[in-house]
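Q: First to last, the protein sequences are chains W and A. Each residue of the first sequence is one higher than the last, beginning at 18 in this note's numbering. Each residue of the second sequence is one higher than the last, beginning at 33 in this note's numbering.
It is possible that part of the hints are untrue.
Stated by the list, open to error - From chain A, some residues computed to sit far from chain W (all C-beta separations above 10 Å):
no.	residue
1	Lys56
2	Ile59
3	Asn62
4	Thr64
5	Trp65
6	Gly104
7	Lys116
8	Ile138
9	Lys139
10	Ser148
Said to hold, decoys possible - Here are the simulated PhoX-like cross-link-like pairs (lysine-lysine), alpha carbons at most 25 Å apart as the crow flies:
no.	chain 1	residue 1	chain 2	residue 2
11	A	Lys159	W	Lys166
12	A	Lys139	A	Lys56
13	A	Lys68	W	Lys163
14	W	Lys166	W	Lys250
15	A	Lys150	A	Lys36
16	W	Lys163	A	Lys153
17	A	Lys36	A	Lys153
18	W	Lys82	A	Lys116
19	A	Lys56	A	Lys116
20	A	Lys133	A	Lys68
21	W	Lys184	W	Lys127
22	W	Lys248	A	Lys154
23	A	Lys100	W	Lys55
24	W	Lys127	A	Lys159
25	W	Lys132	W	Lys168
26	A	Lys159	W	Lys112
27	A	Lys159	W	Lys132
28	W	Lys132	A	Lys153
29	A	Lys154	W	Lys161
30	W	Lys112	W	Lys248
31	A	Lys150	A	Lys139
32	A	Lys116	W	Lys250
33	A	Lys36	W	Lys250
34	A	Lys150	W	Lys158
35	A	Lys159	W	Lys161
36	A	Lys100	A	Lys56
37	A	Lys68	A	Lys36
38	A	Lys116	A	Lys105
39	A	Lys150	A	Lys100
40	A	Lys56	W	Lys248
Rather than coming from a laboratory, the hints here were simulated on the basis of the structure. Quick caveat, the model's predicted, so the values are computed rather than measured. We treat Cβ as the ideally placed atom computed from N, Cα and C, and that holds for glycine.
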Amino acid sequence: MYVAVKGGEKAIENAHNWLSEIRRGDVNVPNLEIDQIKEQLTLSVERVMSEGSLYDTDLAALAIKQSRGDLIEAIFLIRAYRTTLPRFGTSPPIKTDDMVCMRRISATYKDIPGKQKLGPTFDYTHRLLDFSLLAEGNIPKAEKRKVLKEKIPHVLRFLNKEGLIQKEKNNNYQPKDITRNPLEFPANRSERLQSLSRADEGFLLALAYSTQRGYARNHAFVGELRIGYVKVKYNIPELDIEIDIAEIIVTECESVNQFQGSKKTPAQFTRGYGLTFGQLERKAVSMALVDRALRWKEIGEEFVGAPAQDEEFVLSHCDNIQATGFLEHLKLPHYVDFQSELELVRRIRKEYEKNK
Amino acid sequence: MERKFWLSTLATCNDAHLTSLWEKFGIEVNFTWLRKPEIGSIMCQGKIGVTGNNFNFGEVTITRCQLKTSQGKIGHGYVQGRNKHKAEIVAICDALMQTSKRDFLIKNIIRPLVVSDKNLKKDVMSKSESTAVDFFTLVRGET
Chain W
18 MYVAVKGGEK AIENAHNWLS EIRRGDVNVP NLEIDQIKEQ LTLSVERVMS EGSLYDTDLA
78 ALAIKQSRGD LIEAIFLIRA YRTTLPRFGT SPPIKTDDMV CMRRISATYK DIPGKQKLGP
138 TFDYTHRLLD FSLLAEGNIP KAEKRKVLKE KIPHVLRFLN KEGLIQKEKN NNYQPKDITR
198 NPLEFPANRS ERLQSLSRAD EGFLLALAYS TQRGYARNHA FVGELRIGYV KVKYNIPELD
258 IEIDIAEIIV TECESVNQFQ GSKKTPAQFT RGYGLTFGQL ERKAVSMALV DRALRWKEIG
318 EEFVGAPAQD EEFVLSHCDN IQATGFLEHL KLPHYVDFQS ELELVRRIRK EYEKNK
Chain A
33 MERKFWLSTL ATCNDAHLTS LWEKFGIEVN FTWLRKPEIG SIMCQGKIGV TGNNFNFGEV
93 TITRCQLKTS QGKIGHGYVQ GRNKHKAEIV AICDALMQTS KRDFLIKNII RPLVVSDKNL
153 KKDVMSKSES TAVDFFTLVR GET
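Looking at chain W on its own, in the form it has when it is part of the complex (with noise of 0.2 Å):
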């Protein structure tokens, strides 16, 4: 039986205050700006957008406010907010054959067309505290080269050519919308992925280590890791023209993986996939090795009982915001819940004693 209790409203505006005033610190510092986090806090904006499942810098970087720091809090907001939005459509599938890349790095080979370009990376730094930015530190400007007008190809079609790397299927699947329609077990690789995509940085890199570890061990070489912008296409439906409606970045990273090979089919590398908003450079790659990892009935591998190819397990517990939610809702009164459970073990108890 549910007990209505009433009270504690002075309190929770009293609290709500509190958090107000200490969200906005020392009244001697300059406020934040939006526009300070959108330009200086870039990576953590472009992860709540990720996980938020929302493109929008203006509207990340006020969550990131709102929520002092907090990521998962601001991504809340983020899925709070997404979920008003009326639905104009869907976009045709984005082309990062076309992409304008910052970054484009290969593991797999050296000498490739498009060469090997770092971007701003923080690969080779030396992870020392750099206290000149304590100070107003002299920027160095970055250096220009002049830029051949080459196409920048995916890597992978090298190997593709020479088949010893298994074809992406396309049977021209209509993916479901799991932001739309629950996800149903066994999922489609496609609604994995939409899954993947939004899911948790910190819980995608914990179950992608692990398949390094040896959990489901598929040795991954990072074919490709691109990172830049895109056009996201849009038809309008008034006029029937297709247009560039948005540009974003993105990151994409095309994992290669060992296979041995079976009785059908001879041996041949096979593929993870990862695709992020941002510059999300570790989430992409993970995300391509557990999409990997998963994919272990369809490439006819053992199911080893590794985390990481457990489906289920990975789809129900990827997305932080139900985890937190069903978590953090712990911490809001369960007194009457726990009377019943104290008055139980207290009989029991009392049973006990006189049975003794």
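Following the hints, complete the assembly by docking chain A onto the known chain W.
A: Quick look at chain A alone, frame taken from chain W:
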């Protein structure tokens, strides 16, 4: 210039740049709303492994509106993000592009936006190019 081209340019251009160009020329247009600016989203799709099946991977915010000018031209304003004022400017531009104002708009609004986007991309690509790795091989042992 095709309608597809100017609508694409206007949808993805920098908000502040468009607004400043538009205000500089102060074109007055009388119109009635067919659909007032509204904010929504589109679902963005990707392709598994570049060539495989499609999958949904996240939404992008969009603002749209439609209007009819006193000259009877219909303008569509579709823009990235949540900027109702920008959507209105785009819809008016779209309507005016169907009138004798067309050449003026191309010269003073569309072209400058195209040029600034090209410069931005050129900037990204040339910085990226400066981070291209030049491999060299060390000769080991006796030569």
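Q: Between the alpha carbons of Lys159(A) and Lys161(W), is the straight-line distance 25 Å or under?
A: At roughly 4 Å apart (the allowed maximum being 25 Å), Lys161(W) and Lys159(A) satisfy the hint.
Q: Does Lys248(W) sit within 25 Å of Lys112(W), going by the straight-line distance between their CA atoms?
A: holds, 8 Å
Q: Verify the proposed pairing of Lys150(A) with Lys158(W), using a straight-line Cα cut of 25 Å.
A: With Cα atoms ~20 Å apart, Lys150(A) and Lys158(W) stay inside 25 Å; holds.
Q: Decide if the proposed pair is consistent with the structure: Lys163(W) and Lys153(A), CA atoms, cutoff 25 Å inclusive.
A: holds, 13 Å
Q: Does the no-contact call for Ile138(A) survive, Cβ to all of chain W over 10 Å?
A: holds, 17 Å
Q: Just want to verify: Lys116(A) was marked as not at the interface with chain W; is every Cβ pair farther apart than 10 Å?
A: At about 13 Å from chain W, Lys116(A) clears the 10 Å cut-off, so the statement holds.
Q: Would the pair Lys159(A) and Lys132(W) pass a check requiring their Cα atoms to be no farther apart than 25 Å?
A: Answer holds: Lys159(A) to Lys132(W) is near 14 Å, not above 25 Å.
Q: Within a Cα-Cα threshold of 25 Å, do Lys82(W) and Lys116(A) meet the stated pairing?
A: Cα-Cα ~23 Å, so holds.
Q: Below or equal to 25 Å on CA atoms is what counts here, so check Lys166(W) against Lys250(W).
A: Cα-Cα ~24 Å, so holds.
Q: Checking one constraint from the list: CA of Lys132(W) to CA of Lys153(A), max 25 Å. Satisfied?
A: holds, 18 Å
Q: Need the status of pair Lys139(A), Lys56(A): alpha-carbon distance at most 25 Å?
A: holds, 13 Å
Q: Would you check the hint for Lys100(A) and Lys56(A), treating anything up to 25 Å between C-alpha atoms as holding?
A: holds, 23 Å
Checked against the numbered hints given earlier, this structure breaks hints 13, 23, 39, 40; the rest are met.
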